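Following the hints, position chain B against chain A.
As a plain string of letters, each chain reads:
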Amino acid sequence: DAKTTQPPSMDCAEGRAANLPCNHSTISGNEYVYWYRQIHSQGPQYIIHGLKNNETNEMASLIITEDRKSSTLILPHATLRDTAVYYCIVRLTGANSKLTFGKGITLSVRP
Amino acid sequence: GAVVSQHPSWVICKSGTSVKIECRSLDFQATTMFWYRQFPKQSLMLMATSNEGSKATYEQGVEKDKFLINHASLTLSTLTVTSAHPEDSSFYICSAQRQGAVYEQYFGPGTRLTVT
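In order, the protein sequence lines correspond to chains A and B. Plus 82 on top of the position in the first sequence (first one is 1) and you've got the numbering used here. Plus 72 on top of the position in the second sequence (first one is 1) and you've got the numbering used here.
Since the hints were made in silico from the structure, they are not lab data. Be a bit skeptical, because a hint or two may be false.
As the list claims (entries may be wrong) - Calculated lysine to aspartate or glutamate pairs in the EDC-like style (CA-CA distance at most 16 Å, straight line):
id	chain 1	residue 1	chain 2	residue 2
1	A	180	B	131
2	A	180	B	176
3	A	85	A	113
4	A	85	A	96
5	A	134	A	149
6	A	180	A	113
Unchecked claim - Label pairs and their in silico Cβ distance ranges:
id	chain 1	residue 1	chain 2	residue 2	range
7	A	141	B	84	33 to 41 Å
8	A	182	B	89	41 to 49 Å
9	B	137	A	95	47 to 55 Å
Claimed, not checked - Facing chain B, from chain A, some residues (calculated, C-beta under 10 Å):
id	residue
10	94
11	116
12	125
13	126
14	143
15	167
16	179
17	180
18	181
19	184
Since the structure is predicted, the reported quantities are computational estimates derived from the model, not experimental observations. Just so it is clear, CB atoms sit at the ideal spot from N, CA and C, and this is done for glycine as well.
Next up, chain A with everything else stripped away, as it sits in the complex:
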């Protein structure tokens, strides 16, 4: 079973920030939080990951609460091409560590 819970869907206006929440209340100390997204009929795309500090890259920012029980993925200026299913996954690191996909959250960006 997936160890994260996400709302099934959300929408936002183009050009605005999209804040995607994720709960992972049973996360262990050595598990990372990963975010992937999947645009229709394509393979998942890696977005960002973090352990306990906030992270930012060219695609998004990841805010992890101090107790690490939840996180938020922020797309600062959503575009229509950001419409996708976003998966929040907790994962141990290691050579055979698996990614377990839940249902994700469907983000719809409206014009």
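Chain B in isolation, oriented as in the chain A frame:
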């Protein structure tokens, strides 16, 4: 960097035949690759973990004799669906793991298999 390709992108085959899907890491070496299956409107389900030079590890409920996996080099893994049936029609996706501090996984574009 971190590009993973799959071939073919789609395939239609007749029931009872076998189909081979290739997964290649183009710009990095991957000692571990993973194979997933995704049915319409569902999430990705891990089928097996493939390690270069050794036998694949299959998830519970996945028939290893039906879904043959070969990981013969650090850049290539293949999945062969043997004696395909219409219920095997699905979207098959591979990922390749790049070694590093956190072993990031990068996904291929997927292969759409339709069995008639």
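- [ ] Please flag the earlier hints that this structure goes against, numbers listed from lowest up.
- [x] 4, 8, 10, 14
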